[in-house]
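> Start from chain A and add chains B, C and D according to the hints.
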Amino acid sequence: MKRSISMLLVVVVSLALALTGCSGEKQGESTESQITIGIPQDIEDSLDPHKAVAAGTEEVYFNIYEGLVKPDSDGNLIPALASDYTVSPDQTTYTFTIRDGVKFHSGKELTVDDVVYSLKRCSNPDDPVLLQAGMTGIESIAAADDSTVVVTLKEPNADFLCEMTAAIIPQSNEDPDHVSDGTGPYKFVSHSPQESFVLEKYDEYWGEPAHIEKVTLKVCANADSLVMELNGGSIDMMARVTSTQADQLSDDFNVLEGTMNLVQALYLNNAAKPFDDVRVRQALCYAVDRQNILDLTSDGHGTIIGSSMYPAFGKYYMEELSDYYPHDVEKAKALLAEAGYEDGFTFTIKVPSNYTQHVEVAQVIADQLKAVGVDARIQLIEWETWLSDVYSGRNFEGTVVGLDASTLAASSMLLRFNSDNSKNFVNYNNPDYDAAYSRAVSTTDDARRTEAYQECERILTETAANVYVQDLAEFVALNKKYAGYEFYPLYIQNFASLYIVEE
Amino acid sequence: MQMLEVQDLNIEFHDHSMPETVVYDFSLSMAEGDIVGIVGESGSGKTMSALALCGLLSRHDMTRRGRILFQGKELLTCSRQDMRQLQGREISIIFQEPMTSLNPVKTIGWQVEEALRLHTRMTRKERYEKAIWALREAELPEPERVYGQYPHELSGGMRQRVMIAAAIVCQPRILIADEPTTALDVTIQDQIIRLLQKLNKEFGTAILFISHDLSLVRRLCHRVVVMQNGQIVEQGDTEKIFRNPTQDYTKRLIAAIPSCDKEKTEWNQIGTVVLKVEDLHASYEDAGNGIFRHGKEKEVLKGISFRLRQGEILGLVGESGCGKSTLAKSIVGLKRDYQGRIVGAEGRIRMVFQDPYSSLNPSRTIDWILEEPLKLSGVSKSERREKVREMLRRVGLETGIADRYPRQLSGGQRQRVCIALALMSEPAVLVADEPVSALDVTIQAQILKLLARLREEMGLAILFISHDLRVVYEICDRVLILQNGQIVEQGLPQTLYRHAAHAYTKQLLKASGVVEVNI
Amino acid sequence: MKKKLKFNACVGGILTGGMLLFILTGIFFLPYDPDAMNAELRFAGMSLAHPLGCDNYGRDILTRMLVGSRTTLLVALGTIVVGGGVGTLVGALTGYFGGWLDEVMMRVIDALFAFPSILLALVVVSLLGAGKYNVILALGIAFIPSFARVVRSQYLKLKEMDYVKNARIIGCGHFRIIFVHILPNTLSVLVPTLMIGFNNAVLAEAGMSYLGIGVQPPDASLGRMLSEAQTYLFAHPLQAISPGFAIVLLVLGFSLLADAMEEKGCRC
Amino acid sequence: MKYVGRKILTMLFTLLLVSFLVFLCFTVIPGDPAIARLGTDATPEAIEMLREEMGLNRPFLVRYADWLLSFARGNFGDSYSYSMSVADLLLDKVPITLAMSLMSIAMIVVISIPLGLYTARHEGSVIDKLIYALNQVIMAVPPFFSGILITLLFGIFLKLFTPGGYVSYTTDVTGFLGYLFFPSIAIALPKIAMTVKLLRSELIEEKKQDYARTAYSRGNHTGGVLYKHVLKNAMLPIITFLGMAFTDMIAGSIVVEQVFSIPGIGRILLTSISRRDYPVVMAVVVCLAAVVIVVNGVIDIIYQWIDPRIRLEGEKS
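So the protein lines, in turn, are chains A, B, C and D.
Counting in our numbering, the first sequence runs from 1 upward without gaps.
Counting in our numbering, the second sequence runs from 1 upward without gaps.
Counting in our numbering, the third sequence runs from 1 upward without gaps.
Counting in our numbering, the fourth sequence runs from 1 upward without gaps.
Bound conformation, chain A alone:
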């Protein structure tokens, strides 16, 4: 009996060894250069770039699809499929010259018809699913000749060029949901849900080609096992790891630090009691110790901000607002007392449970608010519930999330605070702000526009629209075998710049 048990163990263990031995050998075999990159969520969107909505999808599609222009790593728009463009003095007519010799992954030549088709496709107000948010003010899209496209606007829009990053896809593709055909440095190979999304270098790319032949995006939905997977060697790169995760990485990794480019804040429902009182909101701003939040959640990394704008926006960003509300418990208490809440109050912070960084910050804020007698209860909800309840339904008191920008136009951060904007989920209602904003968008003068936008930011800060916290620090874990990672001020991952370090 004893013997049979030990025999059994021997068999089991040797079987295990044999199996793992096999799998170990297999990995070393491939000769082509490749990299495995972890992504926190699966790419669930359609392969149609115009239907893609998730930020995680768009940052990957950046490598597959291109627009007439595209952002570089400083956030400036550079010509892409358009080799050149001109803007009329009244800023209503944009003329794009289509780049010569660009080929889609399918081998088809890029034509002016494809451009017109694509732009019309995503600016058609009758198809709200495909409609891109900024494309509403277009008067006409037309091909002037074989290599020129003219886009006319109803009224001047200084930020319009940002919308021209919209992906160009061939008119001939009948099933864009399932067939990917772009012009980017990488082409789509396969997608296995919840498992992997595989890209391959596109050899006939018009610009500087990518370095690595094959990019495998592996879904690592479980943030907790991430460190083990990185250290174990099954992923070579992972963006947006936390500082604690970065601390635990082995010597095989370089940790690159950047910022996440978003505005993390305790967003308050300005229409709900007691946050309809500006003094209460200001009190909360005083009560929160931002440096302490950074210390507790990310070892002090991150950029403290004071309004709905983050540093990557350059000239629009106002650093001086970041310490507008220094940590001051007494002042907070006084303001609360003034507003009639000397005994404090209770409210609920709804946080999407899948965003660890927001959950952590919410916990710290809740702890800090205790000092001024405010009892903040945290309620974790699923992202989809957040979308329907908090974002669409505006049914919340406070929520901690980070809002990012799809383009580097100031409007992408500030538009939503207009009192009648459909995305104004915090119900911010301030005529001064509305006025300042409309001043900004109506002017064609850059300096005056910048000034008006800054006015908007200042109003948000002074009226304490939300309790602004920080632009989170971003850490990228990259195996030392690779280099060339570039940070973008937008939600973008550029795989083409990555290369393998020669030993």
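It should be emphasised that the hints constitute simulated quantities derived from the structure, not laboratory data.
Hints may contain errors.
In the DSS-like style, the derived pairs of lysine-lysine whose C-alpha atoms are separated by at most 25 angstroms in a straight line are [stated by the list, open to error]:
#1 A:Lys103 with A:Lys51
#2 C:Lys132 with A:Lys370
#3 C:Lys157 with D:Lys232
Sample of chain A residues with no beta-carbon within 10 angstroms of chain D, all distances over it, derived [claimed, not checked]:
#4 Lys154
#5 Lys331
#6 Glu338
#7 Lys480
#8 Tyr482
These numbers were taken from a predicted model, which means no experiment stands behind them.
Heads up, the beta-carbon is just placed ideally off N, CA and C, and yes, glycines get one too.
Only chains B, C and D this time, still in chain A's reference frame:
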């Protein structure tokens, strides 16, 4: 030389911190062809002794002082290997419960052949033939068919025959039968006894027959050993002991056997009719409830009619499956879907069950159990206590047991509590379903006396259901014989027992050995 | 056998007693505020002031354990009260009455049983939001089928006992029979089942915390602490060891006790 | 035959009930699949249009009936979030979870039966006590944590596998099985402990039965009694337990798949619940329930095969 020689066997259990001796200085000797009986009540150590003889007790439990010699071989100290060589080949045993003593998931043939597989080098075919032979010897009909069947497909009697077949398949020198007939109906009991006698005669197999039933022992055994509390009280030739017992205990045992010899005073039927059963038909639905399932209905009562008068004890005799339990259930109201009429004593019928172990709620005290009927009728607490005490005294129990749990009482005490419970709500009719068959003979006699006294004192009418003709003779004023759901014969016991008209009654009387005196 | 039984009962009793004492201490005395954060004490090691060190927010782990084990106990007890209560009721009624009620209820129980319990928990949590009371509800519902089945089989067996028949003859109503006469007799089986259920609830709570649908931060529970700590498993294993150990001890103590009780139940 | 028919009818009824319950649940929980699909940039018009397109604006019962009808025709519908049919999505994932479950079951059977027999036979020995203690401890560790410990031990320290290095069965079958071996251990471990404990106590219990005494009386040695007589009887409750364990394992695989980053059915289920991808959720849950019910049906059959008593009842009714 004797075939089996046991000297000073002592059995101790070491379960608890203090060793507990269950058998003291047991000695016995048996020759070829002997049939020896061991009688005693529960707890007398008779089964333990038997198990010790065939090596089924752990040796750890037996002190080394005594000896068990089988054909000169010392069984207490021999190697286990040697012991196993004897088991099933030279020494076989059959048990009381044929229902559980066979492996439910193996075929009969496999189990009968097992001893052959273990002890002989027979081929498969030889084994098959031998097994069929054994089954035939055990008088099983169609042995070839039985061979492939499973235990649950057989009746209790047939299973006991299978046990016997498996025990004799190697033609052992000695067969130990531990209460082999207790769980069986009288007619089957009789057949098994005859089978054992036949085997003894044919093969000269010695039989050690263990039973609590003295009348069976008397019919079968040459010699008898009487045990009490782990000790041998008396042993000797059967007839001698039954005629002239020397020890008090033996005398008491024999006296406790209900006798059918004495004359009974005739019952005068003057009491008012308290229960009238008219043309009762009932069927039994087996295994099936629910939406998609329907059980098959089987008629078990086919037109029963009788009357029960105040102060009368009416005996109802029949074997298992004759419908007596269904009848009892219908009368007390546990079964309502019958046709026919049951009139009288509505709500004033109570019941005493066969098994005093299961008829008292094990998680409640005697107090609580007895107070329950009073609680339902809203009697005050102090009054309840008083009534319970009074009733305990009445059924011959100390009032001190009131705060005990059923498991702390002996079987006889429990049955008294059951009777007390039935009487708490002052019923007119008491249905007693085999109230004494699970009890030892001496206790049985006491309970019977109690019932008779209660009938006198309270004018109770009792429907006494039993399979034991002797008990019925002892206590009942009138007897109904039930077969297959019909009353085949009825009358006063003294006339019925002596001048039975119906063949079934005769068969019953014969099987239970009651009428032998009168044949 | 006997000896082992006692050994089980002893060790189980000591472990369970120790944990209960620990939890009880937490009700009357907490060394620190369990939620107070302190940036200087992040990942502080063991010290006299903080015997089990501090977690990633600089909160005292011992204090959080005191509070967390209380929550865990509450969740586990609540689960067996909800699951055991409803399960017992359903099992008792279906087992006792049988018939179409039994058939319909058992189908529902089957359906519930075939439903992955995690899914059930997810649904309840999505519906009502997370939080300890909803965790209790979610686990409670998920635990109903197993209790109902155990109790039902007991009732199927016990309703045939003569004392039940006797109770009917003396005129007890069905509900009195079900709850006063039969129920106490199911305890020998029900109590060990409940204790095992308690253990499963402790483990399930940990599993739910792992999936992020358990107790809400900043509330502590052993499972939540354990799953929070695994993020720092490499750098700060201390944070995982204490709650992990506490769960093992709590469950171990209970299962040893359950074993001892089951043995004893068989005996009498 | 009639018995089997009735059994199948009951199973279908249960399945219907399950599907109705799930459908009901996902109608009442918050979260809108249309919003989930469109994200933060969605306009109310777009959401409304998509809702109409997805048929979400129809009454509950109509949607359920619709789903039921197409399900009965074998059409599971299209996933909301993935642009592929549910059937394709699941066909890809089923082998993963199935392979893992089968491996775990195999481990349970192969390891726990010999251990159960050994401990029952050597009741009270040192090894018996050791195994008992080990069992108790294993059962006291939360499943996800034992998964993490296994990853740490075999993956990080012993380097027997790469944590998170799941290989698809389409590319490398041995690698695939090799990787799944470890999560299978994590799933099987607590079940093994329970099975050993249960088998041991069942064997000891059955060993006390009258028929075991009969077997001894025929000259069997302890091993003979255990293997030839007692084991088959003791297996009956074990089989029931394994059936229930299987249900548990499916639920447990959700957690284990998460720990080991395996893109199996559990992962799909979790994400589609949070994405409110109802067609996928419905298909997964109904299929899981069907598997559970079928497994229990198979258990019934095995039970009948082992226990002749049930066989007869089945024929009778």
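> Beyond 10 angstroms from chain D, beta-carbon-wise, is Lys331 of chain A?
holds, 34 angstroms
> Taking only the CA atoms, is the gap from Lys157 of chain C to Lys232 of chain D under or equal to 25 angstroms?
Given pair Lys157 of chain C, Lys232 of chain D holds - Cα atoms ~24 angstroms apart, limit 25 angstroms.
> For a C-alpha distance cap of 25 angstroms, please report whether Lys132 of chain C and Lys370 of chain A respect it.
Measuring from Cα to Cα gives roughly 21 angstroms; hence the hint holds.
> Would you say Lys480 of chain A is clear of chain D, with no C-beta pair closer than or equal to 10 angstroms?
Its Cβ never comes within 10 angstroms of chain D, the nearest being 18 angstroms, so this holds.
> Far enough from chain D: is every CB of that chain over 10 angstroms from the CB of Tyr482 of chain A?
Nearest chain D Cβ is 18 angstroms from Tyr482 of chain A, so the label holds.
> For the pair supplied as a hint, Lys103 of chain A and Lys51 of chain A, is the alpha-carbon distance within the 25 angstroms limit?
holds, 22 angstroms
> Examine each Cβ of chain D, and state whether all of them lie more than 10 angstroms from the Cβ of Glu338 of chain A.
holds, 35 angstroms
> Just double-check Lys154 of chain A for me: nearest Cβ-Cβ distance to chain D has to come out over 10 angstroms.
holds, 18 angstroms
In terms of the numbered hints stated before, the structure departs from none.
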